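Q: What follows is the residue order along each chain.
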Amino acid sequence: DAGVTQSPTHLIKTRGQQVTLRCSPKSGHDTVSWYQQALGQGPQFIFQYYEEEERQRGNFPDRFSGHQFPNYSSELNVNALLLGDSALYLCASSLEGLGTEAFFGQGTRLTVV
Amino acid sequence: GENVEQHPSTLSVQEGDSAVIKCTYSDSASNYFPWYKQELGKRPQLIIDIRSNVGEKKDQRIAVTLNKTAKHFSLHITETQPEDSAVYFCAAPIHNNDMRFGAGTRLTVKP
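Residue numbers (the working numbering), protein chains in the order written: chain A, 1 to 113; chain B, 114 to 224.
Bear in mind the hints are in silico, worked out from the structure with no lab data behind them.
It should be emphasised that the depicted structure is a prediction, and the values quoted were computed from it without experimental measurement.
Note that beta-carbon positions come from the ideal geometry of N, C-alpha and C, so glycine has one too.
Take the hints with a grain of salt, since some may be wrong.
[To be verified] Distance ranges between label pairs, derived from CB positions: (1) GLN194(B) with LYS13(A): 39 to 45 Å; (2) LYS223(B) with PHE69(A): 43 to 49 Å; (3) GLU51(A) with LYS184(B): 29 to 35 Å; (4) GLY16(A) with GLU196(B): 39 to 45 Å; (5) LYS170(B) with ALA2(A): 24 to 30 Å; (6) ILE175(B) with PRO8(A): 31 to 37 Å; (7) LEU39(A) with PRO121(B): 18 to 24 Å; (8) ASN166(B) with ARG22(A): 32 to 38 Å; (9) ILE175(B) with THR14(A): 24 to 30 Å; (10) SER131(B) with VAL113(A): 40 to 46 Å.
Input sequences plus hints: build the corresponding full structure.
A: Given below as structure tokens:
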């Protein structure tokens, strides 16, 4: 079991560009949540996907969008990148149900220049 | 707004001493409270969690206590070791699926 895997591990983009980050959940998990973690801060909830639909969303603008595929993997897309979007983006997978353990991927370090 | 407050932001203890980190939450419907440990450059790792039907849970040197009436829960680490040095995050679900994290506590254990 590879656990939660994310790609790429590091990425540098220019302001105004678009980026797509990918996440493969832990085997058997059907729910994927995305978080943004700025340096020295706790993870901030972006949104959660279940059954290929966005189920809940945090306080992030529409520039942040996502998708979940039938195999439960997920993508996070960010359009019109800003310098402030530079952060570690974490994906966490879990099994549907309230109060189930979430496992994190190693994250994608996005730098916007 | 609805969030999770965590204190202290930094904590320095001598090896062998105990460390306590506290979190408060706002959603009275929250019923699952995990604690994560994040070492520098690594992903958050779940170290212990508690559900609202119990008041305390212990796993070797780590324990978590929950006070649902006061809406706060705490992480206790006894007999601290240098390898316990990391950033610790508490979390609580808001509106069921939105897991909100505290801002983190940087724990330093001095040998």
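Q: CB of LEU39(A) to CB of PRO121(B), is that within 18 to 24 Å?
A: holds, 19 Å
Q: If you check the beta carbons of ILE175(B) and PRO8(A), does the distance land in 31 to 37 Å?
A: The hinted range 31 to 37 Å holds for ILE175(B) and PRO8(A), with Cβ atoms some 34 Å apart.
Q: Just to be sure I understand the hint, the distance between the Cβ atoms of LYS170(B) and ALA2(A) should be within 24 to 30 Å; is that true here?
A: holds, 29 Å
Q: Given the hint of 39 to 45 Å, is the C-beta distance from GLY16(A) to GLU196(B) inside that range or not?
A: At roughly 43 Å between Cβ atoms, GLU196(B) and GLY16(A) fall inside 39 to 45 Å, so the hint holds.
Q: Honestly, do SER131(B) and VAL113(A) meet the 40 to 46 Å range at C-beta?
A: Taking Cβ atoms as reference, SER131(B) and VAL113(A) lie about 44 Å apart, which means the hint holds.
Q: So does LYS223(B) sit 43 to 49 Å from PHE69(A), Cβ to Cβ?
A: Once the Cβ atoms are compared, 47 Å apart, the range 43 to 49 Å for PHE69(A) and LYS223(B) holds.
Q: Please test the hint of 32 to 38 Å on the beta carbon pair from ASN166(B) and ARG22(A).
A: holds, 37 Å
Q: Evaluate the given range 39 to 45 Å for the C-beta pair formed by GLN194(B) and LYS13(A).
A: Because 40 Å falls inside the window, the suggested range holds.
Q: Given the hint of 24 to 30 Å, check if ILE175(B) and THR14(A) actually sit that far apart at their C-beta atoms.
A: violated, 44 Å
Q: Lying within 29 to 35 Å: is that true of the beta-carbon distance GLU51(A) to LYS184(B)?
A: Holds: the Cβ-Cβ distance is about 31 Å, inside 29 to 35 Å.
In terms of the numbered hints stated before, the structure departs from hint 9 and from no other.
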